[in-house]
Each structure stands twice: as C-alpha cells, then as structure tokens.
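Here the protein sequences line up with chains A and B, keeping their order.
Residue numbers for the first sequence follow the UniProt record's numbering, so the first one is 1 and each next one is one higher.
Residue numbers for the second sequence follow the UniProt record's numbering, so the first one is 1 and each next one is one higher.
No lab work stands behind these hints: they were computed from the structure.
Any given hint might turn out to be false.
Covered stretches of chain B (in silico footprint by chain A; criterion: 3 or more residues with CB under 8 Å from a CB of chain A, positions within the stretch not fixed) [as the list claims (entries may be wrong)]:
id	segment
1	32-46
2	109-117
3	121-131
4	206-212
5	222-231
6	238-249
Some chain A residues near chain B, calculated using beta-carbon distances under 8 Å [stated by the list, open to error]:
id	residue
7	A112
8	A131
9	E135
10	I185
11	G188
12	L238
13	H244
14	L250
15	E256
16	Y302
For each residue, glycine too, the CB sits at the ideal point set by N, CA and C.
Number of protein chains: 2
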Amino acid sequence: MSASPAPQSVPASAAAPGPAAGRREVAAHREAVEDLLRTWFLAHPPAHESIALGEAAGRLLAADVRAPGNLPPFTNSQMDGYAVRTADLAAGSRPDGIPGSVRLAAAAPIPAGSAPPPLLPGTAAPVMTGAMLPEGADAVVPIEACTPDYFVPAGFLPADGTGSTVEVPAETPSGQFVRRAGSDISAGAPALPAGSVLGPLQLGLLAALGLDRVTVRARPRVLLLTTGDEVVEPGRPLGPGQIHDANTTLLRSSLEEAGAQVLRSRILADSPQEFTARLRADIAADAPDLVLSSGGISKGAYEVVRQGLAAADVAFLSVAMQPGGPQGIGTVEGVPFLGFPGNPVSSLVSFEMFLRPALTAVTGAPRPRTEVQARLTAPLGSPAGKHQVRRGRYTAGTVEPVGGPGSHLLHALAASNALIPVPVGTERLEAGAEVTVLLLE
Amino acid sequence: MSASPAPQSVPASAAAPGPAAGRREVAAHREAVEDLLRTWFLAHPPAHESIALGEAAGRLLAADVRAPGNLPPFTNSQMDGYAVRTADLAAGSRPDGIPGSVRLAAAAPIPAGSAPPPLLPGTAAPVMTGAMLPEGADAVVPIEACTPDYFVPAGFLPADGTGSTVEVPAETPSGQFVRRAGSDISAGAPALPAGSVLGPLQLGLLAALGLDRVTVRARPRVLLLTTGDEVVEPGRPLGPGQIHDANTTLLRSSLEEAGAQVLRSRILADSPQEFTARLRADIAADAPDLVLSSGGISKGAYEVVRQGLAAADVAFLSVAMQPGGPQGIGTVEGVPFLGFPGNPVSSLVSFEMFLRPALTAVTGAPRPRTEVQARLTAPLGSPAGKHQVRRGRYTAGTVEPVGGPGSHLLHALAASNALIPVPVGTERLEAGAEVTVLLLE
C-alpha cells in the first residue's frame, strides 16, 4: 500500500464544465463518449485479422465478402425422384384434359456426390435430393408422383440399375424441383457486407461458400484499471477497511461481451504519481484504443485518477445521473480515456448507459441492449434533478424494482436483468406506470 | 469416398409412426425432444467443474452460493463528508425550528482502506466514500452540507490533519449516509441460486464476495456428425457433384452459443456400415450426452443414417414442418440421438424449433430465443398441412420475408434475423398481418 497522499481541495464549482447547472445531461455525455471513440477509430481503424471460421463467432467482418463460386455449385434436384427431359413427356398429354402419363426407361440412379452421364431421350434417372441433374434433364418428378412410387430395390434389377420402367405425369413443367446453379447466390455476387456480426447463420453461409477462414476486424483494445488502496483481488484475504475488487470482473466481462479485448486489468494503489507513471508505461506497451478506469474521480480528498490526470486533457465532470454521476472523459497520451466512478453499480450503469452504446454505434459491437416497454410492479421515487437508473427484474411486460438506489448493492444488481431509467423531472412513478427499460441480457 | 450402397426401398407409409395422418405435430415433436434430454440428464446429471471467474461467462452455476462474509464487509460511508456522533449534535437544535448547527473539532482524515481510531466525542472525521466509519460515529454529513464545504488542504493544517473545526447541521439523523456491514448481503445468506447463468452482474457479485473461482455445471457434450458422399470440408476443392459442408459450422456455432460443448464434428461418407462403426467408437471414446447428425434420414435411396441405425432404438418420422420435416429421434448405445435433415436451412430450423428450446428447458442453457409480435411487410403463402417456417428480417415491429421457402437458400438465411412460423391450416398471410416471430439474435 502506498503512503497516503495529501488531501486535495476540490471546490464543487470548479469540477463541472458543461451546462449552467454544473451537470451534463445523460444524452449529452453519451454523445461525448461516442464522439471520443468515433474520432479515435476514424484515425486508427481496426486492423484486419484472418482467423479460422470456428473462432469467428461474434466477430465483425472486415470487408465485403463476394461469393467465390456459385451456390449451389451445380444444378441439382430439390426432391428424391426421377430426372426427366420434359420434351419426352409431350406425347402423354391428352386433348380431353384428363392427366396423362408417359412410361420411360429407368436409367442408372444418380447418387449425391457424383457426376452422372447425360440423360438419354426416353429415359428417366432416379435422383436424390441435392444430387447433380444430368445433362439433358430439365425437371424432377417427385417419387410420390411416379408409378411405382418407390425406388426399386437393387436386388431386383441388373447391376447398372436399368431394365425397368417408370411412369411419370405428362404435365411436368420444365424447371420443376430443379435448383439452378447459382440460384442461392451466383459467383461474384455480394454475400455479406463489411461489418456483419458473424453468428451461426453468417458462418454457415461462409462455410457453404467453401471458406474456412474469414477476415475480421481486430477487437477494440481496452486497458482496464481499478484504483483504490482499499481494493483487493478476489481470492486474497481482506485487511481492515479493505474490500474485494468487483469492478474488474464486472467491466472486463461486460467489455468482452461487447466484443472488446481487455489487454490488461490492474488494481492501482492510491498514489497519483504511481498511477500516472504506470498508465503511461502501459499505454506505451499495449497501444490500447481506450483506457477505462474505475474509482478515484469524484470530489473526495483522495482521488487518484483525478489528481494523477490533473495535467492531462481529461475533464472531470458531473453527469445528471444516479448512480454514475461523476465521470472523467478525455485523452491520455492521445488515447481515449474514460473514468467511471468506483462503486460497482455506478461503474456498471456507466458502462451500459455510455460505453456500450458508443461501442455499438462506432465499432458495430455485437449484442447491443434492447429497450422494451414494461409496467412497474411497485412505485419508484427519484431525485427531481437526476436521471436515476434503478435496477429491476423484467418478466413478460412487467418490471419489478430490485433493491434500492444505493450504488453498493451488488446482490440486488445480480438479481436484476434490466435497468429502469427515471428521467430528470420525474420524482415518482406509481405501480402500473409504463416505463422504458433496458434489458441487460 | 465409399462405394455406393444399394438403393433401399422405403415405402412412405412405413416411415412415419405417430398420428393417423402419418405426420407428427411440431409441438409434439418438440416435447419428445425435451423428454429425451430430460430423461438422460435426470439419470446423468452434469458434472461439476471449478473454474476461474474470468472463464465463467455464460456458464451455469452448479450449486447455490452463500455469501462467505458480509457485503459490505464493514460499516462505511456512502458520501465524501464528515463522520459524526449524532449525540454531539443535539446541543445545536433550536427550539424556534430554524436549522441549527454545531461546531466540532476536525479529527484526522480517514482514507479508504484503513482502520481509523475511534471518533472522540466532540470531533468530526473527514471520511471518503467507502471508507470505514470509526467506532462511535453513527452518521455522515456530506461535505456540501458542512462549513467549510470542502476539505481543507493539508498544507494549511498540522501534519495530523487536526487543529481546524467544521460546522455541521444539528438535524442529522443517526444512520444518515451510513452503509451497514452486511446491508447488501449478510454472511451466510443465499447469494446466487444453482442454475444461475453467469453474466457480468453475477460474476461481479462473486468477485465482490472475494471468490476467484466458481463451480459450474459441465456443458452438455455433443457429438456432431454430418453425412454425405457429396459433402466436402470448407477450404478443400470440390469435385463434380460435391458441395461444401455448411451444417457442421451452422450447428456447431449454434450449439456453442446455447452452452453446449461440441466434442467432435465429422463428415461421414455414405456407407451405413462405416457410419455405424464410427458412431459406436466415438460414443465409447467421447461419452457424449447427445449425438446429433445431419443428413441421411429421409426417403431417398441412399440414406446412411436411416440405414445405419435401422437396428437401433431410433424412430425416423415426418414432422408437419417445412423445412425440417424428416426427423430422427431415439437412442444409440443408450445415448440420446437426434437426426436432422441434411439441407442447411432444414438443420438450422430443426435446431431452433426443437433442440434449442429443449436445451433451455432441460439444462437451463443461456440465450434462449425470444418471441415478438411483428407485422408482415409482404404476403406469405404456405402449404395447408405444414407448419411452415420462413426466414425474415425483423426491424422495430415489422418483419420482412427474406428469400423463398427453399431449404437450400443459405444466402437468404444469412440475411435474416428471425424465423416466421406459419402454422398448420394457414395457407396465406397478407401484408400487414400480425405474426409471432422467433428472433435469432
């Protein structure tokens, strides 16, 4: 533990650039965070990485992908049945309108995965779903529409499968149950646009196109710092006045869920000099896209981040939000910096209200949160001048507040699956009131 | 490639156990899949694994977790301010109702992460958010309510921080801005129930409780097989009549997203003998909880799964769904077996309609799909007797059908984010009709 630094006076009025009231609105701060990241990534676009398809779930496609070949690669049958030449069937049409049929000689069966010989006039070839249509064939008659309506077992035929006949309907349109080569996507056509989130469906298409690797955008690189002399890593014993670090786990897993790569996560003790020196060294070593700290930014006497970055291009301000009011934003060594408050609930709410939406907007991060309308099951009070963010449990159109407003209530947070914002100006919401909640899962 | 096996006759009527019409309803098959897995996991509950917190995102808690200690671990301040003994303040109360105040001697500041000495009567100690309250103190007066309303810089005071005074409001209730030890959760109380999905919020609570490892349920172990002489791994060149394997990628990434572990994924050629021999060997080697195959189960002449498992306890039947009608279900060597059809769209729809809901219901798998109401932007036709499942793009209350009904249309599937079920009996839905769609993300 470092020696305690000198307490520092921070008069309230000097701390808050922004609107006259000294507090920045939630929407304005969200926009500022988005601008900060947008400016950075415009100048420092993510690198491209070629990775195996099996490793690419949740990643973002780096560039447009065009189909390297036709899909399907060859014209094939959509049904189990007989491939026919429809020109052969005209003879079976009856002028009286009664459905006619034609008897054709059965050719050798076409299994999937083989190239069949051309279909001779007057013959029909057994063909299975997905198998290549022989040259000359232009339609498939499903086995159920043929007589006999099953494939004759091999034991009853000569070894080449020929020698029997099959009766098929005369009114079989050309093209019936035929999947043309390239009918799903043709060679050279756009398959997936740059920025696509690669889920099972997109990965399935790339596999079908024969690709076993894919070029994705490098994940945003985040240097994550937790501060505080009182903070101890989970798994280690606590001394007097100490607490275990929840922020590193909360923010690391949230960042990873939103597609970021956490390069380093550290607990830094409360010495501004040490904080600044290590931060500079880590930035030089890791080349992060974002430095995110928690703790040490409000108006107490020991605010290591605020004191350590006093000379940096970072504003420490107050956002009209509760929890999560104190916020730091700016750049350190030219790299985007965000300082979240140290209470775990405050840091998580800051992530969901500011950083996740910015990552989604700027980098196309996967898993954006969704907002839904819900009815409160219990009344909620809120300070008039604050955008209060309460935690709750959403179930089928209703939301039940969980725990109080306290920013240390991690147990209640862990039982929640939604944030309930109560905007500035609303001091009370009754049970049954309709609110817009942010789903956390 | 194996030698082509003999075509086998499979008269349509013999293939479909179940209702009189020969087709099983979608809901009945979903229930059968759930029953199959439930029976297995009741007899073979998942093993417990102790893993690091950083590896546990998305995993399921194996057993109830109780708090090993109080949270917060000690009584601390909710604000930056002065810790006071409210008994000292009574002297400042005024009988005329005008707010009174009391001047107290300033004690040494209490930084976070240290154990302060007891608070002497008549004194007030500067205390920062989260710092331990000294013995004797029973309330915190926020710095903004004090005179002076900032912490006096150390340079202006003796080294021990004493010697100045602070004026605090007399009407300060006992307990104000005090977070009691155990007020979030008390030692021994239930913190998280068995089966909880471990997201950032739950992991944050475990970290705050000092835990760096967590005991989770082993993931369901799935042996994944793709069949077909015509199927080639992505990255390898195609011969005539061959296609690249999309099913392994589609199903593997879907299974992993739903919390399963894919032990082995293999493309097996079209020899029933080889299929059965390798399946038995893999089951013995891998001890899977589920065998999932795609392809080889319908009524063609070359149906390797159906032929290979003819002697096993597996039913091959027809579900009134399109795509995904042919389905295999049963056990092989006592292990649950599901056979999906070979067309990629059919296999994905089978996963979403049958296997994902069963995994959610039986194992508590993360990321269940959600259903939402949406208005169709274009009309849809559907066969009367089938539960047709079309693909579409959901945006803000509307859903646009993407691609036709064809089960080979992977490009359209990859542009979709929703399934649009059109139930049995509905032959046409007009533009503007309200449908219940299954969101795929």
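Outcome of the hint check:
no.	hint	in the structure
1	32-46	violated (count 0)
2	109-117	holds (count 7)
3	121-131	holds (count 5)
4	206-212	holds (count 7)
5	222-231	holds (count 4)
6	238-249	holds (count 12)
7	A112	holds (4 Å)
8	A131	holds (7 Å)
9	E135	violated (12 Å)
10	I185	holds (4 Å)
11	G188	violated (13 Å)
12	L238	holds (6 Å)
13	H244	holds (4 Å)
14	L250	holds (4 Å)
15	E256	holds (7 Å)
16	Y302	holds (5 Å)
Hint compliance for this structure: hints 1, 9 and 11 are not met, and every other hint is.
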